[in-house]
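*Asks:* Single-letter residue listing:
There are 2 protein chains.
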Amino acid sequence: MEEEFPEIQPDGSLLLAWQVKDRPVLVVGGGDVAASRVYHLLNANAKVTVVAPKISREIQHRYENNQLFELVQREFEDEDLTRYENDSEFQRLTRQLDAPDLSSKQIDELDSNIENYIKNHRFALILTAIDDPIKSKYIYLKAKLNNFVINVADRPKNCDFYFGSIYRNNYLQILISSNGRSPRLTRLINDKILKPNLEKEGVDFNKIIDNLGYIRNNLKTIVGQNNKIKERMEWIKNLTDSYTFEEWSKFEKKDLDNFLLEGKLQLLKLE
Amino acid sequence: MEEEFPEIQPDGSLLLAWQVKDRPVLVVGGGDVAASRVYHLLNANAKVTVVAPKISREIQHRYENNQLFELVQREFEDEDLTRYENDSEFQRLTRQLDAPDLSSKQIDELDSNIENYIKNHRFALILTAIDDPIKSKYIYLKAKLNNFVINVADRPKNCDFYFGSIYRNNYLQILISSNGRSPRLTRLINDKILKPNLEKEGVDFNKIIDNLGYIRNNLKTIVGQNNKIKERMEWIKNLTDSYTFEEWSKFEKKDLDNFLLEGKLQLLKLE
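From first to last, the protein sequence lines are chains A and B. Residue 126 in our numbering is what sits at position 90 of the first sequence, and the numbering runs on without skipping anything. Residue 281 in our numbering is what sits at position 245 of the second sequence, and the numbering runs on without skipping anything.
A few of these clues could be false.
A pair holds if it fits inside one copy or across any two, identical chains being indistinguishable in the list.
Said to hold, decoys possible - Here are the simulated BS3-like cross-link-like pairs (lysine-lysine), alpha carbons at most 30 Å apart as the crow flies:
no., residue 1, residue 2
1, Lys193, Lys266
2, Lys305, Lys178
3, Lys264, Lys289
4, Lys300, Lys141
5, Lys266, Lys243
6, Lys141, Lys178
7, Lys178, Lys193
8, Lys300, Lys228
9, Lys243, Lys57
10, Lys290, Lys300
11, Lys231, Lys243
Simulated from the structure, these hints should not be mistaken for lab results. As the structure is a computational prediction, the values presented were derived from the model and not from experiment.
Model the full structure from these sequences, guided by the hints.
*Replies:* Written out as structure tokens, the structure reads:
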């Protein structure tokens, strides 16, 4: 008998939760679409630089409330892509990483230096939302040859990634995509299916996430970070599935500590 | 009175629908986590290269079914990151794009050449899933200094992006993220809220997406690609919202053509 592996369902996107906390992001353009990009970026704690000769009231508002990292009020220039780069620092890090036989201590040190370089000097994403299709395409090509990740509004062909409809409730985030086929439908699914079902009377998903996070982290501490990983995951899965969303919304710290006590006993019995 | 703009809800991720169709992606590692990465990548039509000395049965299965672009059965080497790059071709494209005063025709030509370069020579993403933390970190640093986008399994600090729980029904794709706090909960939301509500008797979201896509594309043809964009969007929004998901699942081509006739009359009246 042939083994069964999940069958490929082609023609989708790769849906990902991008981490841009404290990382520089460049937005070229100052209109409503640019403002919507800036909003999503700020929700993910990015350091946003906007380059545009004219800006909308929303971007003005972000700027006045110190939500932008930098506002550059002029047309885009090629050098903006590498606006914060520091060539000598970059060359130094590259030479250090290329040295033969690095010790793990040296790698750790380089890790934090390269992390710093990335957070201070390198754009994690480039987004353009300008009305000029030729210029858009030119910025796209410049960005790609310099190995940047870019989204060009209104030019799906020139996008490494698309946006979609977002449901957000603190730690819980959901992206709905129709793979470009019906953006309106994704908003309807958000309004008519996600919101009513995720914000029901008696159910609080942020409380649930807090409660499950408390159990997960404390169990790790009790049993040991690198001990019984599979057993821990299995135990948490069973516990999570044993109660309804309503019940998980109501549990208090003493209930959670009781669960942890049970978990400790059960996992130690396995030794 | 101060204008109201959406308030920032910080500490989230930036949820994105990544486009990797026909683009090379490198997976370092051959175990179960690597296999799950490969599965997600193949669902988005990526050209997947796996580098690993030993591979799981699932990856073996993908390879035997010609689903991988290349399988390299040995340990990772630094040169793997630029495995398909072609320096002289890349330099040529860079010189061409740097030429002063490019015409829009020249930019179009470069667009397709650079697109080809990216699809044939450049990794769009790097994913590692190996048991060696020092080596993982080293690959991460190499990748970042070369401006690649990377996810290192089990090392959240060394990730440009995270995966989450995915609901998939053909064109409809949904990503559920707890921002790392409770992966199990995201799977429960998938099973207990998304599946039952999106796969109800009498509701077929793929039919709905097809129907709404048919209307969107045909209206564009009738009214003209660049005409009345705002009015078209508004009309489609109103139409979409006027019927239930059940009704949209039942409409046939003749119903849609009647809607389009109404739309045409209404939008032409506006002239």
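*Asks:* Against which earlier hints does the structure fall short, listed by number upward?
*Replies:* 2, 4
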